[in-house]
Structure formats: structure tokens, C-alpha cells
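Student: Take the two lone chains and join them into the complex the hints point to.
Each chain is listed here by its residues.
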Amino acid sequence: VFLATEVLLFGSIVSAFMATRVFYPEDFEQAAGRLNILIGGVNTIVLLASSLTMALAVHAAQKGERGTVLLFLGLALLFGAGFLGLKGYEYYADWRDGIVPKTARFDPRGVNPDRLIIYVMFYFILTGLHAVHLSIGIGIGTWLVVVTARGELPRAGATVTEVVGLYWHFIDVVWIFLLPVLYLSGHHVLADLHF
Amino acid sequence: MTERTISPATSVVTFAVLVGLTVLTVGLSFLRMGAAGHLARGLAIGTAKASLVALVFMHLIRSPARVWIAAGLGLFWLGILVVLILTDYPTRSRAAF
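Each protein sequence line maps, in turn, to chains A and B. Residue numbers in the first sequence follow the working numbering, run continuously in steps of one, and reach 195 at the last position. Residue numbers in the second sequence follow the working numbering, run continuously in steps of one, and reach 97 at the last position.
What the hints contain is simulated information worked out from the structure, not anything from laboratory work. In this text, a Cβ means the ideal position worked out from N, Cα and C, and glycines have one as well. Any given hint could be a false lead.
Claimed, not checked - Among the chain B residues that face chain A by a calculated CB cut under 7 Å, a handful are:
| # | residue |
| --- | --- |
| 1 | Ser11 |
| 2 | Val26 |
| 3 | Ala35 |
| 4 | Gly42 |
| 5 | Gly46 |
| 6 | Phe57 |
| 7 | Met58 |
| 8 | Leu78 |
| 9 | Ile80 |
| 10 | Leu81 |
| 11 | Val82 |
Said to hold, decoys possible - Just the calculated beta-carbon pair ranges, DEER-fashion:
| # | chain 1 | residue 1 | chain 2 | residue 2 | range |
| --- | --- | --- | --- | --- | --- |
| 12 | A | Met121 | B | Ser63 | 24 to 32 Å |
| 13 | B | Ser7 | A | Leu78 | 44 to 52 Å |
| 14 | A | Val147 | B | Gly72 | 41 to 49 Å |
| 15 | B | Gly27 | A | Val132 | 28 to 36 Å |
| 16 | B | Ala48 | A | Arg150 | 37 to 45 Å |
| 17 | A | Ser12 | B | Phe30 | 28 to 36 Å |
| 18 | A | Ala149 | B | Leu86 | 45 to 53 Å |
| 19 | B | Ala65 | A | Pro25 | 38 to 46 Å |
| 20 | A | Arg155 | B | Ile85 | 41 to 49 Å |
| 21 | A | Val163 | B | Gly37 | 34 to 42 Å |
| 22 | B | Pro64 | A | Arg155 | 18 to 26 Å |
| 23 | B | Thr91 | A | Pro154 | 51 to 59 Å |
Claimed, not checked - Which chain A residues stay away from chain B? Per the calculated CB distances, all over 12 Å, these:
| # | residue |
| --- | --- |
| 24 | Tyr91 |
| 25 | Phe124 |
| 26 | Ile138 |
| 27 | Val147 |
Chain B extracted, bound-state conformation (with noise of 0.2 Å):
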């Protein structure tokens, strides 16, 4: 189990980085970049602030293959969900409204 202590310091440097990457995401909402800009730029913001989490307060930077293969797995399903959902919706009739 030591092997995947990650020290108190690393964990509060990983937060201070993760505080900055939130003041800076929100505050960047308030510039003009159109809608695909915000979202490109939240999503881009927020996958590094997710892997931060990920790697450092969940561990897995300390962890064995079998458990990136397990979080690998996790996310290959949701790209199969994701893909295959907004490629079959905009092919499909709008709604009524």
C-alpha cells in the first residue's frame, strides 16, 4: 500500500494548480468566443483538471497497469457512448419546437 502514498505536499501544490485552472476557465467565460469557443475551452480546461484529480488525488499516477487498465476501459466505454450518440442525433428530424 506505500507504493501509492502520494506525499500531503504533492496534494496541496496538485490543489493550488487545480484553484487556478477554475479562476482562470471562469473567468475566460467572460470574453467573447462564441458558444463552440466556451465549451472547447471549458472541456479543455476541465479534462486537465479531471486528470490532475485522477492521477494525483486518486493516485493513479502510483498505481499498478491493471488499474490504468480498468480507468482506460472506464473511459473507451464512455467514448463509444459519446461518438455513437452525437453522430446518430444530428442525422436524425429536428422535434416539433
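Just chain A, with the same shape it has in the complex (with noise of 0.2 Å):
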């Protein structure tokens, strides 16, 4: 149920950015084209691996391994926090690259700009929340890494690793809409693949 919030959370603000997309779709296009795929493209690797990693630790916990489940939950937090720095880094380039809100300053090649500052203001919103959602999964997973440590959860913490496994799994759904909702959506030249 909780999930089903999340997903409808989510869902509305892609729902809001698509019908504004019907509206504009080139100048949304040409804008979405300006994004650091290369960095987006890593990230979305990133995230995977950590998913990955959080499912072999829910398996192990399943089979009662908890130094295996503590060695998994590890890497999957250090995958999630890989992908908040990547994040961060990728931040730092589009302010750089004038991609923010207010300004939106990069070449607008004959677009109105006003309407690429509101897809800018939809791009922050939604890697923003997704951040933040991450930042909470970091936090949980860390409190799981502990009580699973100490031996505080019954069955190596089988139950409670499954519930926060799902949990992981629904950012990491979200991130794999958010990749080709903004990112994908519009056309990248080589040119532009760069750190």
C-alpha cells in the first residue's frame, strides 16, 4: 500500500510534465537533448548494480547468511551512495552548463526559453524527490546494516531485509522511468558526451 502511494506520488508529476510535454514537445525535445546522458547512462548502471546487490542480500538473509547479507547490503548502500555523488556531480555540470531554473542559459537554438525553464523546474522536482527517496533507502539500509550486525533481527533478519529490498527496488523502478521520461526524450549528439 505504501508503494502504491509512492508510485502514484511519482506518477502524477511525470503525468503533470507529459501533458506540459504535449504542449511543447519540441522545445521539451531540445532541452531534454541538453542533458548529460553519459552521466544519466553511468547513474542508471549504478543503481542497477545496487539493486542487484540488494537482492543477493535479501536471498541471503532468506538462507540465514549474515555475514553474506551484511557483505551485500554494503555494497548496495555503497552503490546508492555512488549514484547520489554521481548525482551531486551531475548538479554541479548543469549549473555549470547553465541548465537551472530561472536561468536556463544554455543555447536555446530558437526555442522559447521560458518554456525550457519549465522543463528544467520538472527535471530538478524529479531527480530531486528521486534523491531524496535514495537518501531515506541509504538511511534505512544503514539502520539494517547495524541491528543485522548485532544480531537483533530474528531469521538473520529475513523479513525485514525483503521489506526494505522492495522498498530499494521501487527507487530504482522510478529511476528507469525517469531516464527515458527526461533524458531520452529528446536528441544527444556526441558531441555533448562528456563528464
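Tutor: Structure below.
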């Protein structure tokens, strides 16, 4: 039920984005083409790796292998933190290149700058909300590592680890949809491929 | 609980497929196919990836029917939200800019 409410939270903002995109398809395509697809793509793989290690942690928890649970949980948290680090760098690069709300001063190529600002606002709200969720996931994951290490949970924390895993994978699924909606909905050129 | 177990090998293979799909979808964004084409292609591959994560990593494939119903209801409500918003907005007057 909690995840269903989360689906509606992200779903409603993405729907608003899509509805606005119906009005201004060319402007939004231009703006999407300016996002850093290299960092976005690498970060997708980092987040997928965190989901894999989280799934392996859940599997180990079900078998009662506490040491393996801790190893894979730690890796999942590390990948999650890596995603946030890269995302933070991407925000810096966006700011450097002028892809920020209020200004959106990157080369408009003949499109309405006001509409680019709308796009950039959506980009920061959606990716920011996602980053907040991932931060919460890292917080809960860290708590899980501590209580698992102390052996405070029954059955090596199988049930709790599974629930945390479901939340973690949900964050991954949100990003899987943010990538095409925000980054891939525009045409990218190889010359823009940089960190 | 054991009936829900997905083997580590299956998880690793799924991860490899997910990475492959990510590289594919990012690679295709460099081709010229128009805004709608980019979005449709990206969402199609995204849906495939999300399904893999839900089925394998979230072990939906090994879950009982009631879990499928709960997940399906989530999609159903999301569907209502998206469809109604996207049919409503284009019928309204455009903003001032």
C-alpha cells in the first residue's frame, strides 16, 4: 500500500510533465537533448548494480547467512551513495552549463526560453525527489546493517531485509522511468558526451 | 518464504540483461527519430526493464496471486491517473507563453 502511494506521487508529477510536454514537444525535446546522458546512463547502471546486490542480500537473509547479508547490504549502500555522488556532480555540471531553473541559459536553438525553464524545473523536482527517496533508502539500509550486525533481528532479518529490498527496488524502477522521460526523450549528439 | 527465493545466478543474468538494455536505450538516443519516437522507444525499453526488476529482483514471479493483485491495482490506479490527465490537459487552453 505504501509503495502504491509512492507510485501515485511520482506518477502524478510525471503525468504533469507529460501533459506539459504535449503542449511544447519541440522545446522539451531540445531541453532533454542537453541533459548529461553519459552521467545519466552510468548512474542507471550504478543503481541497477545496487539493486542486484540488494537482491543478493535478500537471498542471503532468507538462507540465514548473516555475513553474506552484511556484505551485499554494504555493497548496495555503496552503490546507492555512488549514485548520489554522481548525481551531485551532475547537478554541478548542470549549473556550470546553465541548466538551472530561473536562467536556463544554455543555447536555446530558437526555442522559447520560458518553456525550457519549465522543463528544467520538472527535471530538478523529479530527480531531486528521487534523490531524497534514495537518501531515505540509504538511511534505512544503514540501520539494517547495524541491527543485522548486532544480531537483533530474528531469522537473520529475512523479513525486514525483504521489505527494505522492495523499497530499494522501487526507487530503482522510478529511475528506470525517469531516464527515458527526462533524458532520452530528446536527441543527443556525441559531441555533448562528457563528464 | 523459501518458495520466493530467486537464485543468485538468475539475479546476475537479469542484471546483465538490464545493463544491456540500458546501453541499448542510451545508444539509440543518438539516432534521429523525432521527439515522439525517442519517447516511445525509451518508454518501451524502460517498461521492459521495470518488469524485469519487478519480476526477478522484487520476486513477483515467485509470489502468490494476492501480491499480483496488489501490484496490478497499483498499475491500475496509475493508469487512471495518467490517462485522465493526458486526455484532459490537451483540451484546455494553452498557457500565456
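Student: Any of the earlier hints contradicted here, and which numbers?
Tutor: 9, 12, 13 and 14
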